[in-house]
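Q: With the hints as constraints, model all of the structure from the sequences given.
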Amino acid sequence: MTRISRRTFLKGAAGAAVALPLLDIMSRRGGAATPAFPKRFLVWFQPDGSIHENWAPTGSGTNFTLSRILAPLAAYQSSLVVVDGVKNKVGDYGEIPGDDHQKGMGTMLTGVHLLPGSQAGGCDTCPAAGLASGMSVDQAIANQISANNKFKSLELGIQAGSSGAWAYSNYSAANTPLPPDNNPHSVFARVFTDLGVDSAALARLRAERKSVLDAVSESYQSLSAKLGPDDKQKIDSHFTTIRDLEARLTVPGATVGDSCSKPGDPGKLDFMANDNFPTVAKLQMDLMVMALACDLTRVGTLQFENSVGDVRFSWLGLTRGHHDMSHDGDTVANTIEDLTKINIWYSQQLAYLLGKLKAIPEGNGTMLDNTLVFCVNELSRGNAHSHNDMPYVLAGGAGGALQMGRYLKFTGDLPHNNLLVSLMNVMGVGAKTFGDPAFCTGPLAL
Amino acid sequence: MSPRLHGCALGSLALVLVVDAGCVGEIGASTNVEQGLCGAPAAIGATPLRRLTRFEYNATVRDLLGDATHPADTFPVDEVRAGFDNNSASLGVSPVQTEAFMKAAESLAAKAMLTPTTFVPCDPTKLANAADEDACATAFIQSFGKKAYRRPVVDEDLTRLLAVFHAGRTGADFATGIRFILETVLQSPQFLYRIELALPPSAAGATLAPLDGYEMATRLSYLLWGTMPDDALFAAADAGELATREQVRAQVERMMLDPRAHASVMHFNEQWLQLAKMEKMQKDTKAYPNFDMAALQPLMQEEARQFIDHVMWSEGGNLHDLLTAPYTFVNAPLAKYYGMSGVTGTDFVRVDGDPAHRAGILTLGGVMSMLAHVNQSSPVHRGKFVREQILCGMMPPPPPNVPKLPDVDPNLTTRERLLQHSADPACHSCHRLMDPIGFGFEKIDGAGMWRDLENGKPIDDSGTIEDSDVAGSFSGPAELGEKLSHSLFAQKCVVTSWFHYAYARLESSEDQCTIKTLSKRFADSGYRFSDLLTALTETDAFRYRSVAGGAQ
Chain F
1 MTRISRRTFL KGAAGAAVAL PLLDIMSRRG GAATPAFPKR FLVWFQPDGS
51 IHENWAPTGS GTNFTLSRIL APLAAYQSSL VVVDGVKNKV GDYGEIPGDD
101 HQKGMGTMLT GVHLLPGSQA GGCDTCPAAG LASGMSVDQA IANQISANNK
151 FKSLELGIQA GSSGAWAYSN YSAANTPLPP DNNPHSVFAR VFTDLGVDSA
201 ALARLRAERK SVLDAVSESY QSLSAKLGPD DKQKIDSHFT TIRDLEARLT
251 VPGATVGDSC SKPGDPGKLD FMANDNFPTV AKLQMDLMVM ALACDLTRVG
301 TLQFENSVGD VRFSWLGLTR GHHDMSHDGD TVANTIEDLT KINIWYSQQL
351 AYLLGKLKAI PEGNGTMLDN TLVFCVNELS RGNAHSHNDM PYVLAGGAGG
401 ALQMGRYLKF TGDLPHNNLL VSLMNVMGVG AKTFGDPAFC TGPLAL
Chain P
1 MSPRLHGCAL GSLALVLVVD AGCVGEIGAS TNVEQGLCGA PAAIGATPLR
51 RLTRFEYNAT VRDLLGDATH PADTFPVDEV RAGFDNNSAS LGVSPVQTEA
101 FMKAAESLAA KAMLTPTTFV PCDPTKLANA ADEDACATAF IQSFGKKAYR
151 RPVVDEDLTR LLAVFHAGRT GADFATGIRF ILETVLQSPQ FLYRIELALP
201 PSAAGATLAP LDGYEMATRL SYLLWGTMPD DALFAAADAG ELATREQVRA
251 QVERMMLDPR AHASVMHFNE QWLQLAKMEK MQKDTKAYPN FDMAALQPLM
301 QEEARQFIDH VMWSEGGNLH DLLTAPYTFV NAPLAKYYGM SGVTGTDFVR
351 VDGDPAHRAG ILTLGGVMSM LAHVNQSSPV HRGKFVREQI LCGMMPPPPP
401 NVPKLPDVDP NLTTRERLLQ HSADPACHSC HRLMDPIGFG FEKIDGAGMW
451 RDLENGKPID DSGTIEDSDV AGSFSGPAEL GEKLSHSLFA QKCVVTSWFH
501 YAYARLESSE DQCTIKTLSK RFADSGYRFS DLLTALTETD AFRYRSVAGG
551 AQ
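So the sequence lines, in the order shown, correspond to chains F and P.
Per the numbering used here, the very first residue in the first sequence carries number 1; after that it's consecutive.
Per the numbering used here, the very first residue in the second sequence carries number 1; after that it's consecutive.
These are computed hints drawn from the structure, not numbers from a lab.
Every residue gets a Cβ at the ideal spot worked out from N, C-alpha and C, and that includes glycine.
Where hints are given, some of them may not hold.
[Said to hold, decoys possible] Okay, derived cross-link-like pairs now, DSS-like style, lysine-lysine, Cα gap no bigger than 30 angstroms in a straight line:
| hint | chain 1 | residue 1 | chain 2 | residue 2 |
| --- | --- | --- | --- | --- |
| 1 | F | K262 | P | K146 |
| 2 | F | K210 | P | K146 |
| 3 | F | K210 | F | K262 |
[As the list claims (entries may be wrong)] Residues from chain F that keep clear of chain P, each with C-beta distances beyond 10 angstroms, as calculated:
| hint | residue |
| --- | --- |
| 4 | P72 |
| 5 | Q77 |
| 6 | S199 |
| 7 | Y220 |
| 8 | G228 |
| 9 | K262 |
| 10 | N334 |
| 11 | K358 |
| 12 | R406 |
| 13 | P437 |
| 14 | A445 |
A: Below you can see the structure in the form of structure tokens.
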């Protein structure tokens, strides 16, 4: 039986104008056609590099065996594309601001260099870094596939700390990061509070917000005209976020039913306490999955730690911080093994996320089939601070736009900007290049 | 320009403290806006528009609305630049931030309207008709709006806010209309930003402009108190009594006696001295069986706060005290942990320690513990802290591919093991700047306790400072603190750190006069913090705004 939560999608997005004809076609054909569920895009970030020899699968193409690090994903092997051999070239380019962590982080999703700034990095010669100089790929995708949802995108952190180029995955524009929210309670309050509220009260609240935000917007516009260029840019940027917020007021959000239900309030907990890391991770993943299931957004990021993240994986019996350990040479006893354990733990968390996505039926398949999870890291190997052979994993199904269940080992020193272009294409966003064109030669042959 | 030294080649970087007496003019000698403190025409770096930080938002709504619930604690964290959360160039607004402003405004407005007569200058139950209501709403906009916008409302504000009032009033009641006004005001740029546009540039083509009384009142209140102006500052601005240096100084003297000044100065110190690290520290109970984290960590934080507060505000409290004071502040449970006798009760009291064992803030239990590993001390972290926070140098993180470290003998002391490690030339270039400073603290273990032996061997706590104006050897923490307190690097570090915090920006070449003025005033006072704070309100950087890239 076809279980399309039709109500959710008709009501859940002003983009129904796009979705509706497809749904109509489907109902006429009695569900025989490809289900018209929206595609979703998730970014998964974990820091400090991987251990390639314990990460890379053996075999090739559709015939491959997962490595120790990826073994926890065995149940989802047919939903993975492991992308090996691609290099973050723009992040590896020497003469731009930032150390290897900063550059890896800031370029990972943007494909553009960092701006000069004040944050001195960890090398003797690299110029101090500012933030990234352009939009990240998740936002480029969100602008197209999630523009009419209640939230264009959701950035959730799991102890994503610090600030500056080390800290941010997502950018809406140059120098404009989208800081992740580390607090499950506030994520819940922001995303789900309105869900299931009685419609009369919600209508009143929307009318009130519209009146107030109209007046607020006017005062930003009026002020903007009196300012010099730098301050004007700041106020205009703020104004844009208000207009965006106002525009989204008319998006009714989801209706509880089918797979969409209001989650419980995670409540207050010390979400930055080291040992709460696994608890917070699970809460944030649960909230993200439900936000997708309710079609409150179609694009999200789960950012674990930040580049140079130094969480102590005490629940694995480790006493040193993640980043601290990642600097050890290969011959240091236990370190490679301990870092492998950390990466295995991360794969277990990813398996949990994929399981949650798979548990939500959509048409003849599940939400996992309609989602693409892009797993990234700011480095390839921590102690080398390298950006070649980046440990990219794609998971899900992208709504059938990508053949899954493959291990792709690229050669020829291809830039990761090419992968970003391919991801846009897989998500239905037409693009031939992304990021700095000097580091992009077109889509990667996925 | 980066405020930090970069890389490990510190020796080649000249951090010269220029105290040129000839530069500093007579304070208050001139009201000519063109005339800077240094004799030459005044010049200052760009002064970008400042957004309220979370810290400032919390204090402002406390003083504006009586709401002490710290609503901004749930806002996205303010971007930290050069160590502080208020850098005006860095504080942007994300969609999440804008939404948080909206939710906070709604919540604050709703709470305020539980007791409308506290805010509205009329009795809402005795409004006979629409004209009465409009009159009351207008009076409210003028009184509340002035406080919230930190200047009298202009016609444009009044028109806009009255329209919002009517939008809320229609179909509901008077109180709803007022609530709409509150929500609008709390999201307006006049509330969320520190707008300085009142006076034109001092001359055609000039790159700076003076401030009017309201702008000066606002600069004073946010610098000294981290919050909006109080009634006395508004009254002084109304009366045009914030125009001369004498008038400003009179307000500064008054404001320094207010408890709110302690909070703002503490907010500086907590960031400068990275005290938040104490909240993240963890200890291995096998290594430190007496260290009860849940009980001791908050007490150690309070100890550091009490110590800093005492040094900052006690008569003559200066840099020397901060880095050398032999006393601390403990209560009974903390004294028991440290093995100090004679302290009873939960209140913190001053206890004098062995002067040879103590170096002010540096040797406090919490600071030594946060600069340590879970199960051992860390001369590296301690030396790095001194190098970066006290001397304003910048140490890079370790390089890629740290080579295999030599096998260590567990019977060695931490110092002996580290000496083995830093014998490697690749490590030595940076570690020579940190470890030999950190060795001076080796008689304080990773949980803040004094010790004379490690692994049964006597501890050597002699050390050296390299690449500094106070380069040379020392023995133990007290000698180290004494040396540091006389370092021009440390003195300059305090001045530049305060510059960054007080003016919410990095210094630029145009700020040389301001930096020199501050440095001289700090030096002349014997490096007293209260004098530096006062001096910060009298510089060109504080008295003017730039018009180049920011405000027109």
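Q: Against this structure, judge whether each hint is valid.
A: Now the hints, each set against the structure:
At roughly 42 angstroms between alpha-carbon atoms, K262 (chain F) and K146 (chain P) are farther apart than 30 angstroms, so this suggested pair is violated. Restraint check for K210 (chain F) and K146 (chain P): satisfied, since their Cα atoms lie roughly 24 angstroms apart, inside the 30 angstroms limit. Annotation: proposed proximity of K210 (chain F) to K262 (chain F) holds, straight-line Cα distance about 25 angstroms (limit 30 angstroms). The Cβ of P72 (chain F) sits about 27 angstroms from the closest Cβ of chain P, beyond the 10 angstroms cut-off, so the non-interface label holds.
For Q77 (chain F), the requirement that its beta carbon stay farther than 10 angstroms from each beta carbon of chain P is met, with the minimum near 33 angstroms. With a minimum CB-CB distance of about 17 angstroms to chain P, S199 (chain F) clears the 10 angstroms threshold, and the non-interface call stands. At roughly 6 angstroms from the closest C-beta of chain P, the C-beta of Y220 (chain F) falls inside 10 angstroms, breaking its exclusion from the interface. For G228 (chain F), the shortest C-beta to C-beta distance to chain P comes to about 5 angstroms, within the 10 angstroms cut-off, and the non-interface label is violated.
With a least beta-carbon separation of about 18 angstroms from chain P, K262 (chain F) lies farther than 10 angstroms from that chain, consistent with its non-interface assignment. For N334 (chain F), the condition that its CB be more than 10 angstroms from all CB atoms of chain P holds, with the nearest at approximately 12 angstroms. No beta-carbon of chain P comes within 10 angstroms of the beta-carbon of K358 (chain F); the shortest separation is about 29 angstroms. With 10 angstroms as the threshold on Cβ separation, the claim that R406 (chain F) sits away from chain P holds: the shortest Cβ distance comes to roughly 32 angstroms.
Even its closest Cβ contact with chain P, about 27 angstroms, leaves P437 (chain F) beyond 10 angstroms, as expected for a residue assigned away from the interface. For A445 (chain F), the non-interface assignment is confirmed: its Cβ lies about 31 angstroms from the closest Cβ of chain P, beyond the 10 angstroms cut-off.
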